[in-house]
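Asks: This is what each chain is made of:
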Amino acid sequence: MSEKNEIAVEVKGLSKSYGPVQAVKSIDLQIGMGEYFALLGPSGGGKTTLLRLIGGFIRPTEGQVFLHNQEVSHLPPNARPTSMVFQSFALFPHMTVEQNVGYGLRLKKVASDEIKDKVANMLKTVGLDGYGERMPHELSGGQQQRVQLARSFVLETDILLLDEPLAALDANLRRDMCIELKRLQEKIGMTFIHVTHNQEEAMTVADNMAIIADGSLVEMGKSSDLYENPIRRFTADFIGENNIFDGQVSKIEDDVIHVDLGSSSIAVLSRGQKTSVGDKVSISVRSELARAIDTSTSSTEPLETLSGIHRESVYLGLTTSELITLDNGQEVLARQISDRYGGHTIANGTSINVGWRQQDGRLHIS
Amino acid sequence: MNDDYSSKWGYRLKWLYTLLVVTTLMLPVFFVMYISFNENGFGARDYDFTFEWYGLIFSDLLMMEAITSTLNLSAITVIFVVPMGLITAKLYKITQYPLAVISLMLSPLFVPSDILGAALLVFFKNLNGAFTLFGEWVGVSWFDTWFDLGYFSAIVGLIIYTLPYVFVVILITMGRYRKEQTEAARSCGATAWQAFWHVEFPQIKTGVFSSCAFTLILCFNEYTRTSLLKGGFDTFTTVLVSQMLNEGMSEQSYAMSSLVSYIAIAIIGSVIIFTLVRSERLERIARAKAEPLMAS
Ligand SMILES: Nc1ncnc2c1ncn2[C@@H]1O[C@H](COP(=O)(O)OP(=O)(O)OP(=O)(O)O)[C@@H](O)[C@H]1O
Ligand SMILES: [Mg+2]
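Here the protein sequences line up with chains A and B, keeping their order. Okay, so the first sequence: first residue is 22 according to the working numbering, each after it adds one. Okay, so the second sequence: first residue is 339 according to the working numbering, each after it adds one.
No lab work stands behind these hints: they were computed from the structure. Some hints here could point you the wrong way.
[To be verified] Chain A regions said to be covered by chain B (calculated; three or more residues, Cβ under 8 Å):
1) 99 to 106
2) 109 to 116
3) 123 to 134
[As the list claims (entries may be wrong)] One side only, chain A facing chain B, incomplete, derived with CB under 10 Å:
4) Arg73
5) Gly76
6) Gly77
7) Phe78
8) Thr82
9) Met156
10) Gln169
11) Arg172
12) Ser173
13) Leu176
14) Leu182
Glycine included, C-beta positions come from ideal geometry on N, C-alpha and C.
Excised from the complex, chain A in its bound form (with noise of 0.2 Å):
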C-alpha cells in the first residue's frame, strides 16, 4: 500500500479560496490504490471542497492533483477516472433507474445489449433487481443512493467521490448502508474516498482517514490508529469520546512525561515526542479507559489519578457513563459496560477518585 506506483491520489499543496475565505489551505495527502479512505471533520471543515477539488468540480488556487501518478489539476470531471456520488438530488429524474445506470456507458457508446448486462448485473450487485424500469422519485431514499453508487460503479472507473452519501438517510438505514458500502468496495475493488462528518460512519467503512478542520489535514492514518492513538489534541477530541486535560509539562524522566495540571500532576507517556519542561500540552484519556473509583478503596494497580465529586451515573444501555466534576470544576466522564445486578452504585454527590493507567493517557503537544 505504500509502494510508489500503488498511488491512487495524491495531492500536493492544494488550496482553494473563495476570496478572503481559505477553504482548503495547502493539504498535502496521499491514498494508495484500492483503499476505502474516509475524509472525517467537522461542518466548513473544507472536505466538500477537497473532495471536489480531486474530483475536478473546482479549480485550485494552488496546488496540484494527481491521480495515478498523472497531474490532472486542469483536467475537467468527465476526463478524470474518478466519479462522484452526491448527498442527494444527483438522480436524472426524467430518466428511469435503467437509464440512469447506463447514462455513462451510453456516452462511451457501448452496444445498447452491453450495456443492458452490464445495467442489469449492477443492479443486481447493489440489491436492487428488478427496480430498472421505475423512476427516481418511486424510490426511497436508500434505493436512490443505491442507484447513485450504481451508475458509478458501471463505469469502472476506479477511483470513487463519495461526499456524504448516506447523510439523508435515518439512522439504522445508513449503518446498514455502510457495512453495504464496505462489502461492495472489497468485492469491486475500487478507491473510495468517502466524506462525512460521522465519525461513527467513517470508523466503520474506512482503512485509512484523514481529519480535516478549518481547511488544514490534521491528522491521518488508520482508522483503529487515529481511535486509540491520536496524536493531535484536536483528533482526541473529536473521535471517540476523551478526557481531555491541560497543563503543563513539570517534569521529565526518560519517557515518563509529568504534567501540572494546576492543582494536581499526572504522568504520561511521551510517546516519542520532545517536550520541554514548562511546554503546554495535553493529555486525553478514553471514557471507557478512565474509572470511577471509590476513595475508601486502594487499588490493586498503580493509577494516575484526579479527585471529585460523582455528580451522577447515565445509563446507556450496554454502557453506564459516570460523570463526575474534579475540583478544578472540569467534568469527566468514567463509562464501563453496564452492570446492573452486581456492582454498587455511587450516591451522587459523594467524594470520588477518577482514575487510569499510566500507559492509557496519551500525551498531546499540539
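Chain A is already provided as a structure; the job is to place chain B with the ligands on it using the hints.
Replies: Showing chain B with the ligands alone in chain A's frame:
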C-alpha cells in the same frame, strides 16, 4: 383538496366566478367571431353563414404580405429571445445576486409600451443620424442604412418586450433541476454541452417550448412597438388597425380579428393540452410500473 367541512357552495361559487370572468373577457371575442361568419356583416338582422370574408383576407395581397412579415418578425424574435431568456435564467440559478438579475430582467415590464416604443424610435433615429454623419465623414455610404427603421429595429423592440416573459416562464420550469444533476452527468463522462442537452434541457423543455409559443403570440398581437419601430404599416395588427381607422370596421376586419384569435387560441390550447396529456400519461405509466412492485 377540499376538506370535508368546507361548504360545497363555496367551491361552486369559485367555479362560477371563474367561468363568469372568463366569459366576460372572451364574449366580445366570440361575438366578433360570430359576426365574421355573417354574410350580411355587422348589425344586419339576418344571419347567413359564410366563409366569404375569410376568403377575402387570403385574396387580399396587402393582408397576405402583412401576415408573412408578421410571422417573419415573430419567428426571428423567437429565435433570438428564447436562447437569451434561457441563458439569463441559467445565470439567475448560479449567481450570488439573483435579486439584481431578476430586477434587471423584469424592468422592461414597468415601462409602458408607447414610451418604450417612442424611446427606441428616437434612439434609432439618432443612432441612424450619427452613423450617417460618421459615414459622410469617412466617405462611405455603407453605414447609412444600418439603423433605419425596419425589421432590425422592430425585432429589438420585440425582444425587449418579450424577454421578461421568456425569462420568467423558463425560470419556473427550472425549479426541479439541481446543479448536482449536471455534475453527476459530468462525472459520468459527459461534456458540458452533453450534460445540458441530456440532463438539463429535457427537464426545462416544457418551459422553452411554452415560451416560444408565448413569444409568437405576443409578437403577433403587438401593435404599439411594431408600428413605431417597423416603419410603414405592413404587419398584421398595424394593417388591421389602419384599415379600421381609415375605412371603419369592414366585414373583413372582423374576419381578420377572428383569425388572430384562432391562431392564439390554437397555439396556447395545444401547448396546454400537450402538457396535460403528457404529464397524465407519464403518471399513468409510472403508477402501472410501481404497482406490481408495491404488491410484491
Ligand atoms: N462557493 C463558495 N463560496 C464561498 N465560500 C465557500 C464556497 N464553498 C465553500 N465555502 C466555504 O469553504 C469552507 C469549507 O466548505 P466545505 O463545503 O468544503 O465544508 P465541509 O467540510 O464539506 O462542511 P460540511 O460538513 O458542512 O459539508 C466553508 O467555510 C464554506 O463556507
Ligand atoms: Mg460538505
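Asks: All hints, please: hold or fail.
Replies: Results of checking the hints against the structure:
1. 99 to 106: holds (count 4)
2. 109 to 116: holds (count 7)
3. 123 to 134: holds (count 4)
4. Arg73: holds, 9 Å
5. Gly76: Given a least distance of 6 Å, the restraint on Gly76 (chain A) holds.
6. Gly77: holds, 8 Å
7. Phe78: Hint on Phe78 (chain A): holds, closest Cβ of chain B at ~6 Å, below 10 Å.
8. Thr82: For Thr82 (chain A), the interface hint is violated, since the closest Cβ of chain B sits about 18 Å away, which is over 10 Å.
9. Met156: holds, 6 Å
10. Gln169: holds, 8 Å
11. Arg172: holds, 7 Å
12. Ser173: Status holds, d = 8 Å.
13. Leu176: holds, 7 Å
14. Leu182: holds, 8 Å
Hint 8 alone, counting from the list given before, is not met by this structure.
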